[in-house]
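Q: Sequence order for the protein chains is U and V.
The numbering used here puts the first sequence at residues 26 to 503.
The numbering used here puts the second sequence at residues 121 to 559.
Everything labelled a hint here was simulated from the structure, so no lab data went into it.
Please note that a few of the clues may not be correct.
Under 8 Å between C-beta atoms, here's a sample of chain U residues computed to sit facing chain V [stated by the list, open to error]:
| hint | residue |
| --- | --- |
| 1 | 46 |
| 2 | 100 |
| 3 | 117 |
| 4 | 126 |
| 5 | 142 |
| 6 | 196 |
| 7 | 335 |
| 8 | 344 |
| 9 | 364 |
| 10 | 377 |
| 11 | 466 |
Since the structure is predicted, the reported quantities are computational estimates derived from the model, not experimental observations.
From the three backbone atoms N, C-alpha and C, an ideal C-beta is built for every residue, glycine too.
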Amino acid sequence: MKLIFEKSRSGRSCDILPPSDVPEYIIDKAYTRESECRLPEMAENDISRHYTEIVKNTHGVNDGFYPLGSCTMKYNPKINDEIANLNGFKNIHPLQPEHTIQGALEALSLAEEYFCKITGMDRMSFQPAAGAQGELTGLLLIRAYHEERKDFKRNKIIIPDSAHGTNPATATMAGYTVITIESKEDGLVDLEKLKEVVDDDTAGLMLTNPSTIGLFEKDILEITSIVHDNGGLIYYDGANLNAIVGLVRPGDMGFDVIHLNLHKTFSTPHGGGGPGSGPVGCKDILAKYLPTPTVEKSADGYKFKYDNKNSIGTMKNFYGNFLVVLRALTYVISLGQDGLKDTARNAVLNANYMMHNLKDIYQVAFDGPCMHEFVISIEKLKKEQGITALDIAKSLLEYGIHPPTMYFPNIVAEALMIEPTETESRETLDEAINIFKLIYDKAKKTPIKLKEAPNNTYVGRLDEVRAARNPILKYKFK
Amino acid sequence: MGTYIPNTRDEQLDMLKSIGYEKFDDLFINIPREVYDKDFKIPYGVSELEVRKIMEKMASKNRIFKTVYRGSGAYNHYIPSIVKQITSKEEFLTSYTPYQAEISQGLLQSIFEYQTMICELTGMDVSNASVYDGATAAAEAVIMCKERKRTKVLVSEAALPGVLSTIKTYCHALDMEVIVVPCKNGMTDISKLKKLLDDKTACAYVQQPNMFGLIEDVDSIVEITHEAGAKVIEGCNPVSLAILKTPAEYGVDIAVGEAQPLGLPLSFGGPYIGFMATTEKLVRRLPGRIVGETVDINNKRAYVLTLQAREQHIRREKALSNICSNQALCAQTVAVYLTSMGQSGLLEVAKQSMSKSHYLASKITGIKGFDQVYAGEFFYEFVTTAPVDINIIMNKLEENDILGGYPLIEKNQIIWCVTEMVTKKEMDRLVELLKEVEG
């Protein structure tokens, strides 16, 4: 593929704007740029063809099975996109007076009500733009709580070693020291180790449940009690909520503050890496620290409230990724209580179905019914045949399947984490199971074929070391 | 009930049995019974037609104005048809972060093109693949500048309030002190800045054009800040960069900004997109995704997410930022917008916006009681006084399907913004309406 700059031809353009109807203002040269701004110069047809070529080499959920663990690559309903594109939502200026945006405030307020009920929280802010920002927001609420109580000694956040990298990175950004606790053999939180590290310097615990290995922490009520009894608070990382949405609420498990990934559990499109949305919900004890503004319902309509003196402040400009929240709200209204429960049940069924049908061949990392995802380890194949998790992943590409998450969680060697989601049919799962088996056979008989994979993609395996050692991060103009 | 599950109930039960379970509950045995499967009191689901009606009703309760004179961080520019068409393609919408480069060359190349365009606009050496918005871009840039002995942050009072407060939120957690540099005549007070700079200062943040629309003396700010050994972050409006001196020409260390004006609808404030560009020297401190060029095993040119050793999934608690996503779809939008406008088109947007705002300024200030507050040169926003309570003015404009400038309630002043979307006729009509207020 040529770069767009290589297709650019001097003088070409699209005719978009009318000529100016006012005298041209000439600004003093002291203020103006001297360097040229080399944006592409192209006709509309050529732009259209360029991006068609680009799109053909982009792989979406619509292209095929996408069992990327921990990312919940479910189907993205089209009605949600249409609602987000309604003129009455898409074209509102964020600084319009409140009486002209009652529908938008109603949407935020209703979303808050529903998502609080779904998670067992009391209040929620939709300002955080993504899961990672939600995590930061949540930890800042915890920090504000301890600070207001003048409990400055609490400077540690406890995180299991199976956690996503964002958890420890977030704790550092929130000014905390990270205490990592090792998981037990079965992959779950080690209660004894937890008791050992929880102390009067513990600000809180960050936990993903189901955990990143796809298991529900069955001792969850005890875990949250241990931390609470020592004066700490508990953060729920909503990355894996799809497994339990509607069936058990983080609030009822003892969590004080949570984030949701609307782009996972609530079906909003991932967009190739964003925009997401990471709303943060909390119990009443933390509500006064939520980001500003909050949305309040009153007798004469909906209002923004800015004068929250205990608030941690703002996490970004304005009120969050509003159009993403609208998509998630549309989804929740569509599915309702019954549909959400069915979502969790079928996400878990599909994962168990795949795990059951693969477990005789591939080594499943942990026993028992899994939740919405499961982890297999390629370690045995690596020892026997020299085949790695990467080789399996790259071979799947040849069959049009997006590979599972690779080399995560860190506590499993040669890990592949598989999350089918509830929106895949039995036939799709059966086909994928067969392909996994076929690849296993190849690994046994002709491992070299797997090392060379993929062969039918636009490019073969890349030289990533070269990219990092000698960074070329933009086009070099001739 | 709306559902997106393909398997019928019978098929589901059949699958359950085939793997040795009687009922769904058997899959959830590890959830303590006392908290399992409760009524959580939201309504039951509805069909697509019903949900459409519910949401359309909500949308109809919002007012969309025919003419918009309000900016202040969100700008009403024209979005060419092709932008929406291209960015609605299902592959762009539904793909994940391009970890699997072999099947993601399109998306990766497109982000590489976006990075190049941001470098062209700012003149900087490198750009990341974008962050959440202009305010978080500013906050992340501030963190980039933190050093062991330099933790003080100076932010111009003429930065957008949402940017300042976001910087404060991020800095509070890292024990970085934020000091606001006061304004003089609507511009960052250079002499006050000079006094505040010391060997503990990590950086100074200045917005160009600033929140009053004025063009700051960034040359002097860079000179005195660098003299003190601190870095300069410039928050810029990307449309203005078609005309104004680039961050690179000023010599700033990090250029950030809100790229919403480049093809994204107003969207009630989000999703927007923050851009971040910096010098080669600082590239390894730059947060977020970055796409780089390399080759595949057959020596064919290819693109890949690179320099990942900076990022949270590798460095965990030692990472400088926790960010994992970029605003990829918004970055695509920006790239398609900049391509369809092209070099001459973006310049035209900037010229027309600037010319029209100067036209309106000259007309408004001809009305008694509407005086321009600041004398400095501006780009496409300017501040005026008002002869009566601004609420009266805003209501009158609203009745005429006009969203007036942003009201500074305490000072009873208005920040007007004019883009290429507004015609001369509409501005003349605005002036007539304002004259009625005066009388």
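Q: Each hint: holds or not?
A: How the hints compare with the structure:
1. At its closest, the beta carbon of residue 46 (chain U) sits 4 Å from a beta carbon of chain V; the interface hint therefore holds under the 8 Å criterion.
2. Checking residue 100 (chain U) against chain V by beta carbon gives a least distance of about 5 Å; that is within 8 Å, so the hint holds.
3. This hint holds: residue 117 (chain U) has a C-beta 4 Å from the nearest C-beta of chain V, less than the 8 Å allowed.
4. Proximity of residue 126 (chain U) to chain V holds as hinted, the smallest CB-CB distance being about 5 Å (cut-off 8 Å).
5. For residue 142 (chain U), the interface hint holds, the least distance from its beta-carbon to any beta-carbon of chain V being 5 Å, beneath 8 Å.
6. Because the closest C-beta pair between residue 196 (chain U) and chain V is about 6 Å apart, less than 8 Å, the hint holds.
7. Because the closest C-beta pair between residue 335 (chain U) and chain V is about 13 Å apart, greater than 8 Å, the hint is violated.
8. Hint status for residue 344 (chain U): holds, given a least beta-carbon distance of 5 Å to chain V, under 8 Å.
9. At a threshold of 8 Å, the smallest CB-CB gap from residue 364 (chain U) to chain V is about 4 Å, leaving the interface hint in force.
10. Restraint check, residue 377 (chain U) versus chain V: the minimum CB separation of about 6 Å is within 8 Å; hint holds.
11. Nearest Cβ of chain V to the Cβ of residue 466 (chain U): about 22 Å, over the 8 Å cut. The hint is violated.
When the structure is compared with the earlier hints, violations turn up for hints 7, 11 and for no others.
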